[in-house]
Structure formats: structure tokens, C-alpha cells
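A.B. asks: Chain by chain, the residues run as shown.
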Amino acid sequence: MTQNRTRQKTVGSSTARLLLGSLLLVAALLAGCPERKTGREEMTREERLRKSRKAARKVQKMVSTDGQPLVAWGTKQDVPPRPEEPQSLPKTEKGHWWNQEYAGWKTEKVNIPESPADGAWGKEIVLIRAGDHPYWTAYMKGFKRVADAFNMDVTIYNSNWNIVLQAQQTEQAINQRPDMIIFAPVDPTSCTLLLREINRAGVPVIASNTLISNEAMKYVISWTGPDDWGQFRMLARRFADAMDKTGGYAIVRHMPGSSCFFARTYGPITTFKDYGPEMELLAMNTANLKSAQTMELVSAWLTKYGQKLDGLILPGDGFSLTGALEAVQSANREDITIVAAGSSETGLQAVKDGEVLGITYQTAEGDGALACFTAAQWLNGKDLPPVRYLPKEVITQQKVDTYLPAQW
Amino acid sequence: MHKGRITELFRGMDRHRALLMFLGAYLFLSLFAPHFFTFYNTTSLLKASSLNGIVAIGFTLIFILGELDLSVGAVVMLCGMLVPGLQPELGWAGGILCALLAGACIGLVNGLLVAKAGISSFIVTLGMMVILEGVMHIYSGGSSMSVASFGLADWLDRPLLPLLPPRVIITFALVGGASLFLQKTPLGRGFFIVGGDPEMAWRAGLNRDRYLILGFVICSVTAALGGALLAASLSSMTGDAVLATRTLMTVLAAVIIGGTPLTGGKGSVVKSYFAVLLLTTVSNGIGCFGLGFEVQMFANGVILAAVVLYEAYVIYRHNLLKGQRPHLLADLEQEQESNSRGSR
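Protein chains in written order, with the working numbering: chain W, 1 to 408; chain E, 1 to 344.
The hints are simulated quantities; they were obtained by calculation from the structure and are not laboratory data.
Covered by chain W, according to a simulated footprint, are these stretches of chain E (three or more residues, beta-carbon under 8 Å):
no., segment
1, 32-42
2, 145-156
3, 231-239
4, 242-256
5, 273-284
6, 287-301
Each residue gets a CB set at the ideal place from its N, CA and C atoms; glycine is no exception.
Chain E extracted, bound-state conformation (with noise of 0.2 Å):
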């Protein structure tokens, strides 16, 4: 009974390890990390997360259909540089509509390709990356683009409660609804059956093309309005590449914490975004201490390997248990059955 509930408490502290960690990392930084505690930089942390947070909900979403979306980067760039460009002419309410219209086209495209051509979304957004990093460059002529009107950033920016800017309650509205609608629709359901098991799916009735290119397209539209979130947020957009790779690499590293396997079929958007939070605050933190950028660098990537091991294990440990290859042992009772009825 009492090894009964240690093994329910550890499996609960897995369940939700992410926010679990992120908490830990938070206490700990506050009291030892100089100037780390404070409402400024928490809420500096909170806006901090919002990009990539946001961008983690499609691509947990692309996680849990088992398949892979590289070209999220790029999407946040070229998306994020629709904005600033087209805000002269069309505000910032239609440069932000034209820049989720442009992510829908492109997830469209990575959702047909991958559903309908059968090609691997890993080759698929991949290319898709290179195509967009290039066609930012030509739109943008190979420099930042910028726009001398910050009403919308200050907005953005100055917080209506205590940590809560707009950025960041937008954050939390998207990352809120879209861990209902996985959750609590039949639609989003689906989504986990469908990368789970296709074949369940398909005796459901589900159409999985269908579900991959949805799937797709809202990758995008999350990465186009995370983009787009971060250019009016400094009314401008940079043209160095370097952000597409950075905004790939910790979303991708997120997600994977916050424990969404690439198996598809399960995970959370919320415990990405905390994901999300738990690595900005490392970095955070470590900043804090005077450290420099390779110690954060190693700080994430040292989570992300104890997690990655941490995995590992449970999958040995689930084989262990279970048997390596459960449909022998099924075999062999069904051949002893035989016997049986046979000697009788």
C-alpha cells in the first residue's frame, strides 16, 4: 500500500515534470540568483516566453500527430517580416492577418505534401525552411525592416495586471485554448488517436490526411502569429537567420521536456509551455549569476539530455516489465492452450 502510493507520487512528479521543474528552477533562482527576483524581470521572463511559447502549441500538435515540422523557424521570420513591411500600407491589423494567411498557405503546403504526396515531413519542411529563409531575404532585400510606430509594442509590452502584458496574456489564452481543444473536442481527440494508432483511427472513421494537413496548417499559423507577435512587439524584423535556428531549436527542446514523445499519439501544449518557461529561466538565471552564454547553453542542453535519459529509462524499465516481445508470449499461451485441449 505505502510502495503503492510512492510509485502513484513519483508517476504524478512525472506527469507533470515540466512545471515541476520550472518551479523548482524559479525557487531556486530566487534565492540565490542576484536580481533575478523581482515583478520586472518575472515579468520579463513571462514576455520572454511568449514567442517561443506560442510556436510550441502547433508544434506539440505536430508532435502528437508523430511527425516533425523543421520549417517553424523560417516561418516565424518571414511571417514576422510580413509585418513590419506591410504595415504602412494595411496597419498592423492587416499586416498581422496577411502574416496568419501567409503561415495557413505554407502549412497547407507541408500538410499536402506530407499527407497527400507521402512525402517524410522531415524532407518536406526542410526544404520548406530553406525556401522561406530565402524568400524572407529577397522580400526584405537582406536587411532588418523596421517601423517608426511603437503604440502597438508599448502595448504590448506594459502590463494591465501584475506580470500580465497583453503578450502575455495572449500567450496564456492561446496555450489555455488549444489545451481545451485537444482535450475536451472530438476534433482534438482525434488528433492524439490519429498519431497513435492509424488503424484505430481509421476503423473510427477519422481521415488522417485530413487531420495531417489541419495539423500542419495550425503549426503555422501559431509560428506565423508567434512571428508576428515578436515584430510588432519591437516593431521591427531582423534578417539574420540565426533567430529562425534558435526559435527551432528550443521549441524543439521543449517540447521534448515537457514530455511529448515523437512516437505521436500523446502530450501536452501546457506542459510544453512550461517547458518553455523552464528553459527561459534557466537562462535567465544564469545570466543573473554573470554567467556567460556557453553556461546556459550547456545548463539547457543538460535538461534536455536528463530528460532524454530519463525517458530512456522509463521505455527499459516499461519493456522490462511487459517483455520485450509481448506477441510470443501470446503465442506461446495460445500454443499451450492448444496442448492442453489437445491432451484432453
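So that you can see chain W by itself, here it is in the shape it has in the complex (with noise of 0.2 Å):
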């Protein structure tokens, strides 16, 4: 027993001895922590300026995979006034989603840092994207491309769509105090902080991708990305028309927690009950974008709905459509009339087969590349409006052609 406790007393002693020597070590190591400094171009502020102007030249020229621009953007589009309390309508009016579809118009920003107009030659930017997918990898090959004709030093961070990491990486790009870090969210709500943290450290910031909210809006200097809102609303108006405004239709919503969640619902919905309010919604569930789960959600419409179930509006043209087109071809149901939002190699394909009536475009290599441009302009002294949109398109057998080779 006694032998016990001094043997414990031993292991304990030793063990706050480690302890208290381990700590003394890291405080010692970062008494001298040294500063690293990273080498950069001497170069005057007038040829910075020079080769970024070219550069950019250079950029607006390039093409991406499909052959359409690499680096373009749609026009401002008018932006109703905002209504009183968006929350207090239903959710089947416009209204109440004008804090998501016009994030970003109407926000006054904060603490924005001037633009030091010296050129975007040669910067440090880091990227911090939200995680993998193909469409990423996409998205990547466009960032890159510009990054390079601007002679950019990238630093990437993949948050692994993972808010706790995206959080952590945040603060290791702060302390890389580069000149501009490119955030692509993983939450568009939870990322506010973050963004607000970078906007403190005085470092610029420039969201991209997923919509992030008013409250995010604050304090980046500009937004890019996709209008998914407005290219549902595209590609809505397309599958009314093609419904002839009448007949029973189910939506497959994206994951929750995204944006996408919404944009890719209820864009359509408030669509229809102007355009099309003869039109009647059966159902909406997610499936997770999971082509097993997709396949057995529409399979049980189907058999609930029968005949009833004329269209399917569909949150990707990945797993999504192949999990719902099989559904459909299994039911003999080919008549069905199907929009997806695209535009991957499965989803062309499927359009140019003419299983499906349209998807969106939404160029994966132009949106990163967008991102990088945009930040090349503000480095240049460039001024920026506050959200910076792709280019919108539905994406129909008759155009399908001049979209392939797809992207991703």
C-alpha cells in the first residue's frame, strides 16, 4: 500500500516535473520567436503597377475549358427596396427572402483598408476555400491561372468544409499578414466572425463563392460568385415554359446549412407564383445530394404522386441527377420534365441526350478566377462594387455544344 502510494506520489512528481518543463521550453522557444520574412521582387511601385495592368490585358483575354471567358462577370441588377421585415412574410413571397438573394447591395461597410494601387504583381494571397469537390478542383485551375499571370505567391488553406478548421486557418492566414486573403466560406453565417476578425486585423478580404449574409458582407471588400437565386430563377422561368405553366412539380433540395439550401428552393418557388401559379408544388425533401437517397426520394414520389408529378427541379447535376434519373427511367416515367443546376460533364451530357431540359451554367474555373481578378483590380486601385456576379445562363440542348468540353 505505502509502496503503492509512493510509487503514485513518483509518477505524479514526474509527471508535473515534464509538464512544467515542457512549458518552460515552448515560453523559452517563444521568447525568441523569430519573424520570418518572406522574399519578395524588388520592383518600383510604377512597374508593379506596369505588369499588373498587362497582366490583367493578358487575363481578360484567356479561355477556360469549355472555351467561354475565363475571367467575366454579369451587370448590377436592380435591387428592389427592401421590405420592412422580410421574416414576417411567408416564405412563398420574394420578400422574405431579400436578406439572402440581395446580401451584400445595400450593406455599409466597415473598416474597409485603403487600397495601396501599387499592383497586384508579385502579392501574397492566401486562399482559403471551403473544401473538395470536383467542382473545386475546377474552381482551383481558374484561381491558379490568374494567380500566375499576376506572378502571385498563393498560399492555399482547404477547411475541409469543416467550420472549427476554416475558424483555425483563419487565424494562420492572419498571422501570414499577406496582402489580401481570399475566403470562400464554409457556413454563410457562421463565417461572419471570421471575416470580421480578418477585417480587424486590418488585412483586405475578399469573399468568394458560397453567398455569405448582410452581416458578413460588413467587412469584405467585395463578393464573387455565382447569382444562385437569380440563375434559379432563370432556370425556373425555362421549366415553367416548358410545363406550359400548368402540372404538378417536386423539388430536391441541396444540403441543409447551405445557402444552396434555399437559393435552389425557393428561387423557384417565388418564381412560380407569378410566373407560373398554376402550378402546383407536391413535394420537397433533401436527399443530401446522394445518388442512392435521390434515387429512393423520387422513386417514392412517383409511386405517391403517379401521374400527377409532371416536372423534378434538381440541386445538382452530379449525384443528384443520376440518382433521379434513374428513379425516372425505372418508373418508365421519361416524359417527366427535369432542371438541374449545373453544369458538370454528366449534367451536358444528360442535356445533349435530352433527358434533361436545362441546367444552369456556372463556370467553376471563372469563379476562381473572378476571386483572383478581383483582387488583382483592388490591388491595382481599382475600385470594386460590393458583390460581383457570374455570368447567368440555362443551359439548353439547343446551346449545349458550345459548353463542351465541360469543366469538371
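Using the supplied hints, reconstruct the complex from the two chains, each of which is provided in its own coordinate frame.
C.D. replies: Here it is in C-alpha cells:
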């Protein structure tokens, strides 16, 4: 017993010694923290600006894998006045979604740094990307092409769809003190504090891809990415035309927690309120973008609603589309009108084969390229709009060849 | 004598492997990883470890009891979601308190089902995980929840002392408190006896069911607290269920690396915390090198695999020295003894 106690004491004291020693070691090391400096190309401001402007002209002539311009953006859309209390309106009203759909357009910015206006050439950029997906592989391709054209030194962090990891990477990025952070959020709302932190550290930040909340827009110089609401309204009108603005339809929803979960559901619903009021929403549910889950969901709808179900709106043209097509083909219901968010190789092929009426054109390479190009423009001293959308288009069988080969 | 000392040294290193691996990784990355070795980054490392560090406290306790709780990630998310959800009406304190109460209720249900209904903790907590994710989406309407009040978030993240913002101090206090509770109090030591040898626990008059229920309640409350602190520090909570999976996986790996076996009876929350620090440090350092997340996952996997292989080797060596079937050896000795008595 005494021996045990003595041993416990010895173990306990050795642990304490080890801990104390370790803490002292870390403290001693930190006391002499060396600040590393990056080796930058020495160049005058004028020379840097000249090279940057030349690079900008070069980038604007680049084309992406599908033959479309690599860097392009849509024009500013008309922003209707904000309703008094959007949340009090029914979800089927456009006004209910005003804060999401027009996020950033009327936001008052806070503590936005002045552009150094000394050119983007050779600048240090950090990209914090949301995660892995074939779309993101194409995004990176576009981003890197533009960054290379401006001879930028790029560090990339991948948050793997994890907000905790993204928070940590945000601090790592601030620690690097880059010339610009390009931030593609994992979560459109939870990113607010992270963007605020970057903003307060005095590091310029541009948000990209996922549409962030109005509150988060305060802290960014600009936001670039797809106009999910706008493109789904376009798609919905095309869908309604094909269905003669009558009949029943169902919506397979995107993943809960994402901005697409709402835009790709309520974009069409609120559009049909005016454009196809005779159309009937039969069902909507998520299948978490999984093929097997989508097949089960659509099969269940086909059994339940039978001939009443005339159309399907899908959140993506990858796994969602393959699952839905399998269900439709198994039930011999090829007459069902299908539209989806795009534009992957699977989706483009399905449009070409006539299995799908239309998909949205969302250039992944262009998404990455636009974010990097916008950053370069700001570093060159150009004034930027608060929101910069990618070009919108609905790809149908008539024009599908223009968008082939697919980017991803 | 010399060999004995070396063996003792190796045993000591094994006992503190999580701490030594963390220090080794920290030192290596300090020397070689760009931007790693700064006050700011070290503070960021400690902050990033707070969620998993707090969740690991309860998870280690469940491991010590020889059970498993797969619902911790979902508890983090649901209880974290309650904080911004209730903050406008109840304030931060009210929201956090409700989150902790919700965590306690979830733990109580888990504990009752395992202890009283005798259902495997794996099945109970797997079911609970799915239910909680559904409840969370119903509560949040499928979106994230946020509040535009950043006061608490600023306070939690602003260092009071060098390297130590309140979020980190809270984590240290909880890890230290839990460690003292487990090692220095009769109730705490009871968890080791119940988890290691239920028969001995019964003989000692320890009520196994009560310990199991208490263990599950503590596990869920720590997960709820982790979620509440995360939500408070972000002034929001994500509705993306990926966070639940990542938290569960990281904590599971950390507890194993920290040396707590699934068979129960031993373990240390401090070592689990060092393992959390190790995993966060490695991820952070790899990020500093500009390498992708796939490399971070690979590195964390290699660490876990190395520890598991090492554990397997130790068990193999132990069995080799002790004999695979010690009870047969005892029978043999008894037989020899009776034979020798007979011959006399």
C-alpha cells in the first residue's frame, strides 16, 4: 500500500516535472520568436503597376476549358427596396428572402482598408477554400491561372467543410499577414466572425463562391460568385415554359446548412408565384446530394403522386441527377421534365441526350478566376462593386455544344 | 541495472507519449514550418483545440467505463445551435445554461438505455446521433443560426495572459478539474474500477448502473459545453452536419492516441487533451507548409495507425511474457502440486 502510494507520488511528481519543463521550454522558445520574412521581388511601384496592367489585359483574353471567357461577370441587377420585416412575410413571397438574395448590395461597409494601388504583381495571397469537390478542382484551376498571370505568391488552405478548421485556418492566414485573403466560406452565416477578425486585423479580404450573409458582407471589400437566386429564377421560368405553366412538380433540395438549400428551393417557388401560379408544388425534400437517396426519394414521389408529377427540380447535375434519372427510367416516366443546377460533364451529357431540359451554367474555373482577378484589380487601385456575379445562363439542348467539353 | 533503467525510461516515455509527441511535433514545426512559431499561431492552436479538448473529457470518461458515445458530435451541434437560438430571449447565460441542460437530458437518456435496458452503447448512441441531427435541422429550419452580438465572442478570444484567452483558460480548468476528480476523489476512482473490473466493483459496493448513467451525463454535458463555447465564440452555429462527424472522429482518435483503451479501466483526460493538441498542431503545421487537407488527414491517420500498432505490439509482448492462457498454467501448477502430494 505504502509502496503504491510512493509510486503514485513518484509518477505524479515526474508528470508535474515533465509538464513544467515542457511549458518552460515552449515559453523560452516563444520568447525568442523569430519573424520570418518572405522574399519579395524588389520593384518600383510604377514597374509593378505596369506589369499588373499588362497581366490584367492578358487574363481578360483567356478562355476556360469549355471555351467560354475565363474572367467575366454579370451586370449589376436591379435591387428592389427591402421590405420592412422580410422574415414576417410568408416563405413563398420573394420579399421573405430579400436578405439572402440581395445580400451585400445595400450593406454599409466597416473598416475597409485603402487599396495600396501599387499593383498586384508578385503580391502574397491566401486562399481559404471551403472543401474538396470536382467543382473546386476546376475552381482552383481558374484561380491559379490568374494568380500565375499576376506572378502572385499563393498559399491555399482547405477547410474540408469544417467550420472549426476554417476558424483555425483564418487565424493562420492572418498570422501570415498577406496582401489579400480570399475567403470561400464553409458556412454563409458562421463565417461572419471570421471575416470580422480578418477585417479587424487590417488584412484586405474578398469573399468568394458561397453567398455570405448581409452581416458578413460588412467586412469584405467585395464578394464574387454565382448568383444562385438569379440563375434559379431563370431556370424556373424555362421549366415553367416547358410545362405550359401547369402541372405538379417536386423539388429535391440541396444540403441543409448551405445557402443553396434555400436559393435552389425558394428561387423557383417564389418565381412560380407570379410566372406560373397554376403550377402545384407536390413535395420537396433533401437527399443530401446522394445518388441512392435521391433515387429512393424520387421513386417514392413517383409512387405517391403517379401521373400528377410532371416535373422535377434538382439541386445539382451530379449525383442528384444520376439518382433521379435512375428512378424516372425505372418507372418508365421519361416524360417528366427535369432541370438542375449545373454544369458538370454528367449534366451537359444528359442535356445533350435530351434526358434533362436544362441546367444552369455556373463556370467553376470562372468562379476561381473572378475571385483572384477581383483581388488583383483592387491591388491595382480599382474601385470595386460590393457584389460581382458570374454570368448566368440556362444550357439547353440547342446550345449545349457551346459549353463542351465540360470543366468538371 | 542499466537495462532496467532503459526499460523504465521507455515505460515513462510510453506513459507520457501524447505529451512527448505533441512537444516533438511542436518543436519540429517551430524549426521548419513557415509562420508556425509565433505567439499568435500558438494562441490560435490552443483556441482551436478547445472544442475537441472539452469534448474529449467526457469521451475519455466513457472509454474508461468501457463504453462508447457516438452522439457527442451531434450533441455539440444541437446544443451549440440552442445558444444563438435562445440568446435573443434568454441572453448568453440563459442560452448556455439551456444547452447544458439539454446535454444532461440527452446523456441521461443514453445512460438509462445502456444501464437499465442493457442495450449496447454503440447502438444507443448511434441512434441518438441520427435523432439529434434531425432535431437540429428541425430546430434551425435547415440553416445556420447567428446573433449580431459579438461581445462574448470578443471576450472569449482576447488573451487575458500571453497565449491564454478565456476560452483556453476554461479548457485548461475543465481538463485539470476532471483529471483531479478522476484521480483524487473516491467517486472518480470508482469509474476506473467499474470500467476495469465490474465484478470487483460489485464486491466493493459500487453501483455500476449509477456510474454508467453519470458517465453518459458527464459526456453529453461536456459535449454540450464544447458546442456552447464554440457557438459563443462564433456568435453563430453552423447547420452543416459535417462538424458533428469531424468532432467525433478527432476526439475518438485523440482518446486512443492518449492511451485510453476501449476495454475500459484506465485512461487520462490530460493525455487525451495532449493528443488533441498533437492532432491540431500537426494539421496547423502542415497548413503552414502550404500542403493540402489530404496531407493533414494522412498525417493524422499515420499517427493514429502508429499508436494502434504500438498498442497491439505491447499487448502481444505482454501475452508472450505472461502466457496466452494463464489460467491453464495455474491449472497445471495445481495438478503438479496434487500429484506431488499423492506421491508423498
